[in-house]
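S.K.: So the chains spell out like this:
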Amino acid sequence: MYRLPKFEYFKARSVENAVELLSKYKNAKLLAGGTDLLVDMKIGRVKPDYVIDISGIEELRYIVDTGESLNIGSLTTIQDILDSPVVKNKTPLLREVALKFAYWQVRNTATIGGNICNASPAADFAPPLLSYEAVLRTISSRGERFIPVTEFFQGPRQTTLRDDEILLEVIIPYKHLERAGFSYMKIGRRQGHDISIVSIAALVVIVDNTIIDARVALNSVASKPVRARSVEQVVINREPAMIVFEEASRQVEKDISPITDIRAPAEYRLHIAKILTREALLEASKRALRCGFE
Amino acid sequence: MITRFILNGKLVEVDVDPGEILLNTLRFKLKVKSVKRSCERGECGSCTVLVNGKPVLSCIILTPQVEGKEVVTVEGLLNDPLFNKLIKNFIENGAIQCGFCTPGILLTAWAGIKEGKMTSIDSIREYLGNLCRCTGYVKIMNAIYKAITE
Chain A
0 MYRLPKFEYF
10 KARSVENAVE
20 LLSKYKNAKL
30 LAGGTDLLVD
40 MKIGRVKPDY
50 VIDISGIEEL
60 RYIVDTGESL
70 NIGSLTTIQD
80 ILDSPVVKNK
90 TPLLREVALK
100 FAYWQVRNTA
110 TIGGNICNAS
120 PAADFAPPLL
130 SYEAVLRTIS
140 SRGERFIPVT
150 EFFQGPRQTT
160 LRDDEILLEV
170 IIPYKHLERA
180 GFSYMKIGRR
190 QGHDISIVSI
200 AALVVIVDNT
210 IIDARVALNS
220 VASKPVRARS
230 VEQVVINREP
240 AMIVFEEASR
250 QVEKDISPIT
260 DIRAPAEYRL
270 HIAKILTREA
280 LLEASKRALR
290 CGFE
Chain B
0 MITRFILNGK
10 LVEVDVDPGE
20 ILLNTLRFKL
30 KVKSVKRSCE
40 RGECGSCTVL
50 VNGKPVLSCI
60 ILTPQVEGKE
70 VVTVEGLLND
80 PLFNKLIKNF
90 IENGAIQCGF
100 CTPGILLTAW
110 AGIKEGKMTS
120 IDSIREYLGN
130 LCRCTGYVKI
140 MNAIYKAITE
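Order-wise, the sequence lines are chains A and B.
For the first sequence, position 293 (counting from the first letter as 1) is numbered 292 according to numbering that gives the first Met the number 0, and the numbering increases by one without interruption.
For the second sequence, position 37 (counting from the first letter as 1) is numbered 36 according to numbering that gives the first Met the number 0, and the numbering increases by one without interruption.
You may find that some hints are simply not true.
Ranges of calculated distance between the beta carbons of each label pair, as one might list FRET restraints [unchecked claim]:
1) B:Glu149 / A:Gln157: 50 to 60 Å
2) B:Glu12 / A:Arg141: 55 to 65 Å
3) B:Glu149 / A:Arg144: 30 to 40 Å
Listed next, the in silico DSS-like pairs over lysine-lysine satisfying Cα-Cα at most 25 Å (straight line) [unchecked claim]:
4) B:Lys35 / B:Lys68
5) A:Lys41 / B:Lys116
6) A:Lys99 / B:Lys53
7) A:Lys99 / B:Lys28
8) A:Lys28 / B:Lys68
9) B:Lys35 / A:Lys87
Just so you know, the hints here were simulated from the structure itself, not pulled from any lab data.
Keep in mind that this is a model prediction, so the values were computed, not measured.
Every residue, glycine too, gets a C-beta built ideally from N, C-alpha and C.
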């Protein structure tokens with residue numbers, strides 16, 4: 000039977016209340032869904048003196064289409080994202096991730112904010128948000144700020160979020176991405192429940208048989224989730240063809256530094272990353288062209 | 000600290016340490032034994048309870064988090080027609096062996112049907128994440144499917 004470490008508990012009634020508490024108490028952790036935090040506390044990975052429960056702040060649970068962006072409140076659950084017609088329509092990569100995210104009971108509790116702020120190198124929502132170039136709105140006693148997600152992840156469970164800062168919402172600007180073909184692939188040791196061995200999220204925009212924009216992001220292949228810039232550089236301004244995807248997939252080695260851990264050896268991760276890169280570019284291109292592809 | 004919530008239709012009040020998980024409160028303080036202790040890490044589903052109608056894992060929820068909410072375990076569904084139909088199907092289809100996973104699975108199946116998530120064998124497979132070491136799942140899925148279609 001696991002024992003939780005002793006801590007003082009506060010239930011935050013509002014965002015303002017949460018900001019106040021977080022500024023006041025050091026070595027505090029925010030409790031959102033708890034699907035990462037409680038497990039980490041049970042296994043002794045984190046030992047906060049204070050736990051600030053923000054799970055009741057319903058005002059942070061929303062999915063809003065502003066016309067120019069999709070804005071998702073940080074306490075929106077993974078199941079909310081899976082159930083949302085506007086996510087399916089406007090930011091389908093997020094729905095793809097939610098489909099493969101743990102299982103129903105976990106999805107009902109886990110939040111998108113918790114997933115990215117916990118910042119495991121295997122964070123499921125990192126690759127799609129990196130591909131969408133989302134912007135994170137945060138708040139602290141010093142006010143609000145906006146952090147591009149591409150600058151957010153720093154290392155294993157390390158982000159640019161300050162100790163007294165709270166993530167409020169994830170903003171996904173549409174730009175021309177509504178025309179993008181998408182692809183998401185997650186390899187784990189099982190078909191469900193899993194922490195990824197490698198997962199990839201790709202977006203491709205094709206005009207006049209030329210790839211004018213490509214975003215490829217992976218997790219579990221480095222100390223933080225990465226955008227595969229070397230891969231993207233190969234395909235930009237090229238035609239969507241298998242030979243191009245093959246060439247691009249070989250470059251992924253430059254963007255990642257996989258390690259061996261309990262789930263897979265480094266060599267396997269590298270091998271899979273190359274295959275997924277090629278396949279994700281292919282699938283995203285097919286979707287972008289919205290027709291059969293040779 | 001005092002936490003008040005509704006358990007199987009009745010208001011309950013418990014004095015808990017903030018670090019007390021719902022699983023322990025239910026089993027030790029409220030004597031609800033149907034909710035099972037297994038992995039305690041959110042991986043197996045044995046500790047599943049319904050909170051405001053949705054299945055969640057009581058081993059990774061702090062009891063203060065359910066303040067003011069409705070918690071349902073199998074003890075609270077004994078008079079429910081769909082629940083009884085599920086039990087009958089489980090028994091008739093050999094979907095229960097040791098029975099340890101069964102309460103969690105019944106709650107998930109009941110909620111899955113009520114919430115409209117489980118409408119076909121494929122969607123049952125998708126929404127039934129609970130682990131079972133005995134049955135191999137097929138008879139469980141068939142039992143649930145029969146409850147939807149018959």
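S.K.: Okay, glutamate 149 (chain B) versus arginine 144 (chain A) on CB: inside 30 to 40 Å?
M.R.: Because 57 Å falls outside the window, the suggested range is violated.
S.K.: Given the hint that lysine 35 (chain B) pairs with lysine 87 (chain A), does the C-alpha gap stay at or below 25 Å?
M.R.: The hint is violated at about 36 Å.
S.K.: Does lysine 28 (chain B) lie within 25 Å of lysine 99 (chain A) when you go C-alpha to C-alpha?
M.R.: violated, 36 Å
S.K.: Does lysine 68 (chain B) lie within 25 Å of lysine 35 (chain B) when you go C-alpha to C-alpha?
M.R.: At roughly 21 Å apart (the allowed maximum being 25 Å), lysine 68 (chain B) and lysine 35 (chain B) satisfy the hint.
S.K.: Below or equal to 25 Å on CA atoms is what counts here, so check lysine 41 (chain A) against lysine 116 (chain B).
M.R.: violated, 31 Å
S.K.: Just to be careful, I want the Cα atoms of lysine 99 (chain A) and lysine 53 (chain B) compared with a cutoff of 25 Å; is the pair within it?
M.R.: Given that 25 Å is the threshold and the Cα spacing comes to 19 Å, the pair holds.
S.K.: For the pair supplied as a hint, lysine 28 (chain A) and lysine 68 (chain B), confirm whether the alpha-carbon distance does not exceed 25 Å.
M.R.: holds, 23 Å
S.K.: Using the beta carbons of glutamate 12 (chain B) and arginine 141 (chain A), state whether their distance is inside 55 to 65 Å or not.
M.R.: violated, 40 Å
S.K.: Does the Cβ-Cβ separation between glutamate 149 (chain B) and glutamine 157 (chain A) fall within 50 to 60 Å?
M.R.: With a Cβ separation near 54 Å, glutamate 149 (chain B) and glutamine 157 (chain A) satisfy 50 to 60 Å, so the hint holds.
Checked against the numbered hints above, the structure breaks hints 2, 3, 5, 7 and 9 and satisfies the rest.
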